[in-house]
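Trainee: Can you build the whole structure from these sequences, using the hints too?
Taken in order, the sequence shown gives residues 183 to 1097; the numbers are from my numbering.
No lab work stands behind these hints, which were simulated from the structure alone. Certain hints may be false.
Only pairs whose alpha carbons sit at most 20 Å apart, straight line, appear in this in silico DMTMM-like list of lysine to aspartate or glutamate [what the hints assert, rightly or not]:
hint	residue 1	residue 2
1	708	724
2	549	313
3	255	423
4	734	724
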Amino acid sequence: MEFGSQNGRKCIFLVILSLTVHLLLLLCTLDIYFSTPLVHTSNHFKVKGVKPPANRIVFILADGLSAAAFYTKNFSTVTPFLHSIKENESSWGLSHVQPPTESRPQHTALLAGFNEDPSSIFSRWKYNLYDFDTVLRLANMTFYFGSAACFRYFHKQYYSNMIYVGFDRKIDHSVHPRIPIYVERAVFNKARNFIRKGLVPRSAKGQIIFVYVEGTDLLAHSFSHHSRFFRYFRKNLMVLDEEVQELVKTIKSYFNDDKTAFIFTSDHGITVDEYSKRSHGGGSKGEIEVPFLAWGAGISVDKTEPKNLKSIDIPPLISALIGIAFPRNSLGSIPLNVLNISSRVAGHMLIANALQLTDVFYAKQDKLINNPAVLFVAENKFLMQNKIDEWKRAMIDLFYTTRFTKSIDVALEYIDNVMNAIRYYDSYSYWYRTVFVMVAAVGWLINLLTWLPMSDNVYSDQTSKKKRNTVTAYVMVNMFLFLLYHVFGSKYDYILYIFFPSFTWFLVYIRRASLKRLCKGIFKCKVKDTIAMAVFFGFGTEMLILTFFNRKYLIPVVIGIICSSYNRARKKTALAHVWIILGLFICVILYLPPADPDYNLYYQLLYFSLFCIAIIYLDKRTKNGAVTSSWFDFLMKYRKNFLLVLVLTLLNNFTTDIAFQWKWYDVITAGQFISWFSLLYAIIFILRSPKTICYRLSSLVYAPMPIYVLLNGSMPPIAMLLFIGFVIIWTISELVVSEQSEVMWNIPYDDNNVTVNMVSHRENARKIFIFMSLCALVFFETLDMNTYRTLSYSEGDNSINNFLIAVKIVLPFIILTSSFLVLVKASKIEIGFVFTLLLLFSTVMMMQVFFTVKTQGSWKEITISLVRFIIATIIPFGVLVTYYVSYILAKTEMHNTVRFIRQHVNLFFDFYEIL
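Mentor: Take a look at the structure:
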């Protein structure tokens, strides 16, 4: 289709329209799932009317220490001091952590009282985008001892009350970064020396002494061998126990007032299973359960019963112990079973805790109610106004009748109701916005159905004067509403949740004539054929969607492709047999787990052997006259040059892998030149090949293979080789059935005057669906995002790595779309038809993948869930761009390219002389 024609302009309009709708769908998804849950509250609440149990708190945080590794059978011998504290002086138990079990979000939970902010994904999980309160800021004075890494988590907040005494292990060369024991001793030595010098006021109240040690976490990341890890881990715990004992002695002798509380815990655990690598970030038991020990002023002593609390409960506990304000966005509650206080003091603490949570509740409620885009807000059943009044009356009884126990029970019940009400408004906002997004998606899906070519004028509907007036009125009304919502400060909510749904359904209204023709066309079809097509495309689409979660679902899709095209391929017996064998091999690869992306010499040798076998087989059949196609003649003509480049590429991979192990950077640099030479060779080879389809397509298929081998060191090149054979045989079989193989192979790509037989829309839809299935096969069978060591060994060179990722993804799609171009030309398939079916598939996929996006779990799980949706969003546009890139490569000649470059270079020098 030429874009200068009326149909071409309609297709451009459809592309722009679909790009706008998909962008709005993506923005809605980001707003629903990854907007910050933090709300602005202006009030601070602290315990009033009673004296705080402690003047200061020593908060010792051992990074990466899991409860399973700490509470062991050898606990008393490895850590005798902490064991004696547990048995005689403390409240102890487990602190439960919510994934992601990474240091920054867990420090936020331990110091601010809320779990990971989903909006941090926009900072690539490096820092929180929005300001928030922490107990470090609210304390009268904070002393921090430890690595600068933890201090940088809160770099956006300036703490005027905080004194930082630590080191950066990347800067301070007096501490060896590979020996965590030295790191821990350095931290505790700095803390003890600072206190002994009298730099911590003795009489001040509301102090926090924060000691952060990261020895366990460093061990987990440094030692992968199981036995070595536990040997060093045991030594590290012994040193940690000794240093904690010395610090406690120093603090007690320095203050000497029994007004110091101690808390020992961890931010997250690690996986310590013998058969798994030590890591953290997920939700396994070893990662989410960490030890908790509290002793000193205001802490109860319980030797037998372990306490279970959440990590977000620790900030309210710290605030209650030293009498400072609660962090404003904290969602934790005070664990009373840890405290040794009277009922009266407990009541006062719960009052302050409940008031702070109520303030968060009111802020979330007002944010939802005052949003003009939210047309209706149902009152929650957990915390209606009568329950608030009942709670207030119970609190009055606390002061006038001294029924403290009953008032505490009422306060605890009220806090549970407040938390349920907060969760209610969070879920209400989610479902309210989700309904509007799904309404918009359904409207867009119906609109896409009107673009299916059920009639000849689907792309050329005439625009009447009445329709233009309707569009003008719609635009004017929305402009007025946009200005109105802009005044109320809700213009973005209006665009995403009011304008967007109305816009998609307005498109359906505008194209109602095409919708009527579509319905008439469906009713004219046989019921049996309609049901068969619906089942075929519906089942196939669901399988492709499930492929996003497990690539094994591609196996029935591949089997379906084999069955649907076998009748076409069996006209040539050898072709049919190879077709089935390749399909079965692809199914085996899909069934196997993804290969390790690291370099593997055996996979490289297997790939080269298979390729040589294919060359020898084709050479033999060509000489015997069994294969007469000029396709194979072209391959045989250039096989020596191609094999030479391929051998050079394989040797480059081998030498580069050895050079990385021995750090021979000169060899790596030489390998980079070979790699870029291979890329340049592929481009020149494609542009110098004749424009005839058989020659140009064969060059597009085989020239990029050395580049793909460079970018994949293990299994993907083998899968790519099988995939290429699968695609080429599918293309040949489709042309054999239409009796156009000899016609199509011997014409240029840009020859539009060839006469071909028209094919039914249903047959074209089948070909397009197979093409979409092969696109999924490209992505999930041949691609794995490994490290591109052959071209760049610099970790900071992200631009080159991003370029290589793009090259690696685009290469297989160019090969696929180049083959599909032949079928498009042979069957006269409208590119608008292809794009419309891709949009339908993408929209159905987005509507289902939308509900699988996560905001809880590890960073990897959250990011992958969002990437799935983004891939579903950009699939049709990526395929369209790749389609036209393949078309340009297929029709461009070398001398035209050189002339184009020379003209622009001359223009550049002329402009330079003028300047």
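Trainee: Does each hint hold? Answer for all of them.
Mentor: Comparing the hints with the structure gives:
no.	hint	result
1	708 / 724	violated, 24 Å
2	549 / 313	holds, 18 Å
3	255 / 423	holds, 16 Å
4	734 / 724	holds, 13 Å
The structure fails hint 1 only (numbered hints given earlier).
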